[in-house]
Amino acid sequence: MARARRVVYIPKPPKTAFKKDRRAGTLLQAQTAHLRHALGKHLHKVARHLEKVAALLSVDIDSIRTEGDVSDYARRVTAILHPHGGKQTRK
Amino acid sequence: MPPVGLDNLKHIVVLMMENRSFDHMLGGLKAQDNRIDGLTGNESNPDTNGAQVNVQPLAEYQSQLDPDPDHHFPGVDVQIFGGAPPAPGRVANMQGFIKSYFEQQRNIEQSHKIMYYFPPKKLPVLTGLATQFAVFNGWFSSIPGPTICNRAYAHYGTSFGQVGMNIFEWKGPYLSIYERVLLAKRTAKIYYYDGPSSTMEIVNLLKNQPKLFATFDQFLADCDAGSLPDYSFVEPNYNDHDSDSGAEIASDQHPDHHVQHGEIFINNVYNAIFNNETLWNSTALLIVYDEHGGIYDHVVPPACPADDDAFTASAEKTETGASFAFDRLGVRVPAILVSPWVPKNMVIPGPYQPNGRKFDHASIPATVMKFILRDFDPNTLSSTDKQKFMAQSKREQAADTFLDLLSNNKQPDTDIPSFVVK
Numbered sequence: 001m002a003r004a005r006r007v008v009y010i011p012k013p014p015k016t017a018f019k020k021d022r023r024a025g026t027l028l029q030a031q032t033a034h035l036r037h038a039l040g041k042h043l044h045k046v047a048r049h050l051e052k053v054a055a056l057l058s059v060d061i062d063s064i065r066t067e068g069d070v071s072d073y074a075r076r077v078t079a080i081l082h083p084h085g086g087k088q089t090r091k
Numbered sequence: 001m002p003p004v005g006l007d008n009l010k011h012i013v014v015l016m017m018e019n020r021s022f023d024h025m026l027g028g029l030k031a032q033d034n035r036i037d038g039l040t041g042n043e044s045n046p047d048t049n050g051a052q053v054n055v056q057p058l059a060e061y062q063s064q065l066d067p068d069p070d071h072h073f074p075g076v077d078v079q080i081f082g083g084a085p086p087a088p089g090r091v092a093n094m095q096g097f098i099k100s101y102f103e104q105q106r107n108i109e110q111s112h113k114i115m116y117y118f119p120p121k122k123l124p125v126l127t128g129l130a131t132q133f134a135v136f137n138g139w140f141s142s143i144p145g146p147t148i149c150n151r152a153y154a155h156y157g158t159s160f161g162q163v164g165m166n167i168f169e170w171k172g173p174y175l176s177i178y179e180r181v182l183l184a185k186r187t188a189k190i191y192y193y194d195g196p197s198s199t200m201e202i203v204n205l206l207k208n209q210p211k212l213f214a215t216f217d218q219f220l221a222d223c224d225a226g227s228l229p230d231y232s233f234v235e236p237n238y239n240d241h242d243s244d245s246g247a248e249i250a251s252d253q254h255p256d257h258h259v260q261h262g263e264i265f266i267n268n269v270y271n272a273i274f275n276n277e278t279l280w281n282s283t284a285l286l287i288v289y290d291e292h293g294g295i296y297d298h299v300v301p302p303a304c305p306a307d308d309d310a311f312t313a314s315a316e317k318t319e320t321g322a323s324f325a326f327d328r329l330g331v332r333v334p335a336i337l338v339s340p341w342v343p344k345n346m347v348i349p350g351p352y353q354p355n356g357r358k359f360d361h362a363s364i365p366a367t368v369m370k371f372i373l374r375d376f377d378p379n380t381l382s383s384t385d386k387q388k389f390m391a392q393s394k395r396e397q398a399a400d401t402f403l404d405l406l407s408n409n410k411q412p413d414t415d416i417p418s419f420v421v422k
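From first to last, the protein sequence lines stand for chains A and B. Sequential numbering of the first sequence, starting at 1, is according to the numbering used here. Sequential numbering of the second sequence, starting at 1, is according to the numbering used here.
In isolation and in its complexed conformation, chain A is listed as follows (with noise of 0.2 Å):
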């Protein structure tokens, strides 16, 4: 049973503020060249995956502009790296 409470209103952003098209900036661009690095470092925990491994590394970094981009390759770095949690989006 929910427990009472003192309820204070808050409003939520606007849909405006969705903007994947964004730049990403630099920490975006950094956690790109880290999830790179990562996938390097630990091949022979992804082995199994070698093609995507390999199609993800190939990957110029300097292409990936947008927050989008960067959601996309780090979706797909993060599958393989952590299969347990990576593969699925947030429902």
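For the record, the hints were derived by calculation from the structure and aren't laboratory data. The C-beta atom is built at its ideal place from N, Cα and C for all residues, glycine as well. Among these hints, one or two may not hold up.
Okay, derived cross-link-like pairs now, EDC-like style, lysine to aspartate or glutamate, Cα gap no bigger than 16 Å in a straight line [as the list claims (entries may be wrong)]: (1) A:19 x B:256; (2) A:15 x B:256; (3) A:20 x B:256; (4) B:344 x B:415.
Far from chain B, by Cβ distances over 10 Å, these chain A residues were calculated [stated by the list, open to error]: (5) 35; (6) 47; (7) 50; (8) 53; (9) 54; (10) 56; (11) 58; (12) 62; (13) 63; (14) 65; (15) 72.
The following label-pair restraints were derived from C-beta to C-beta distances [to be verified]: (16) A:6 x B:41: 27 to 33 Å; (17) A:6 x B:387: 48 to 54 Å; (18) B:390 x A:26: 56 to 62 Å.
Please build the complex by placing chain B on the supplied structure of chain A, with the hints as guidance.
Just chain B now, kept in the frame of chain A:
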């Protein structure tokens, strides 16, 4: 006897957000509570025309801090020291924020926006939690620099000499706090938001997956089931992306991500813990930001004991012309400790106030070691593992811990705020 709240403690949860300074998010609270070391309205920085520009409560949720303010080591050096080059005797004065931001676009009007802060009513979740539970006047980022090296302090108690965003390889001898927890046969997890957002700490800790990593959905399920690990580190969504359920808006509050969505994410973490009564009564949630993101704060980062000699960053790495021994903290960030055992409306004084204390991200592993692992006997480990378990960087050894703030008295549920999205 420890306080009842501490005696009941079974879980520590850390939620680390992105790139906002204390004054920017919480500075406006000073007007309603003078104990909070926020803004009087008279704080200022000179602009490049020499005019003094005061702080103003004009911060917007999005589209204001674009371009992203500089928060790399040389830029933060300008912000803290007003642009004075490294030299013996130079004085930190927090007078270089506008100067630093101006350099990015050479636009005077835009450069003034680095002084903007949020009026408390625009951040009901963050300010609501800050005034209900405990707010730190003196929590600083660990390094006057960017995200990756600052987050490393939360994970390892050191950045192994890094002052930037480069990939760092674990050098030892210091294990991450998660690995130390596992050695003690306890449980720890890093909950990243989802695959497309992923994690910021995958290079060195991946060898421990799947034990150490899970998604935010799993965090919610673990809270619901009462199966949260002893120590949890939660990462927000770092990017805007599509998902099966539609648009996922970044929730990390990194400029230029929408700040309101970060508020909702903070609330989701808080609610997930509150909604399981047993968990709520046995958990301390720390909400903290990794660094200030180049945004104005008025408190001079204090000196601190240097990190290990081997980790001193060279002048080439700092790009300031001087080396850095990790003997000064970074700019102050918002930090709030949420627990029913925290006295209502607690303000922990900062280092320049009476009975003041200073905290940084090395306080996180130091606290987990001191409280979660307090009953663990390292003599049960092999000599090699004992050595690994016991190794703490100089910065972690010197860091203050924060669970002494838990008391004997529990705040009643009926007084606890429930934030409802409308």
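**OP:** Would you check whether the claim that residue 65 of chain A is not at the interface survives, using Cβ distances to chain B and the 10 Å cut-off?
**Re:** At roughly 12 Å from the nearest Cβ of chain B, residue 65 of chain A sits farther out than 10 Å, so the non-interface label holds.
Original post:
Non-interface claim for residue 63 of chain A: all C-beta distances to chain B beyond 10 Å?
Top reply: Holds, because the least Cβ-Cβ distance between residue 63 of chain A and chain B comes to about 16 Å, which exceeds 10 Å.
Subject >> Assertion that residue 50 of chain A lies outside the chain B interface [Cβ separation over 10 Å] >> reply: 17 Å, holds
Subject >> 16 Å limit on alpha-carbon distance, applied to hinted pair residue 344 of chain B and residue 415 of chain B >> reply: 9 Å, holds
Subject >> Closest CB of chain B to the CB of residue 47 of chain A still more than 10 Å away >> reply: 14 Å, holds
Subject >> Minimum Cβ-Cβ distance from residue 62 of chain A to chain B exceeds 10 Å >> reply: Non-interface label stands for residue 62 of chain A: nearest chain B Cβ at 16 Å, farther than 10 Å.
Original post:
Does the claim that residue 58 of chain A lies outside the interface with chain B hold up, using a Cβ gap greater than 10 Å?
Top reply: Label holds. Min Cβ-Cβ 19 Å, cutoff 10 Å.
**OP:** Please work out if residue 15 of chain A and residue 256 of chain B have their alpha carbons no farther apart than 16 Å.
**Re:** The hint holds at about 15 Å.
Subject >> Cβ distance range 27 to 33 Å for residue 6 of chain A and residue 41 of chain B, holds or violated >> reply: Hint holds: Cβ distance 29 Å, inside 27 to 33 Å.
Original post:
Can we confirm that no CB of chain B comes within 10 Å of the CB of residue 35 of chain A?
Top reply: The assertion about residue 35 of chain A is violated, with a minimum of 6 Å to chain B.
Subject >> chain B versus residue 72 of chain A - minimum CB to CB distance exceeding 10 Å, so not interface >> reply: The assertion about residue 72 of chain A is violated, with a minimum of 7 Å to chain B.
Original post:
Hey, does residue 56 of chain A actually stay past 10 Å from chain B on C-beta?
Top reply: Check passes; 13 Å lies beyond 10 Å.
When held up to the earlier numbered hints, the structure conflicts with 5, 15, 18 and fits the remainder.
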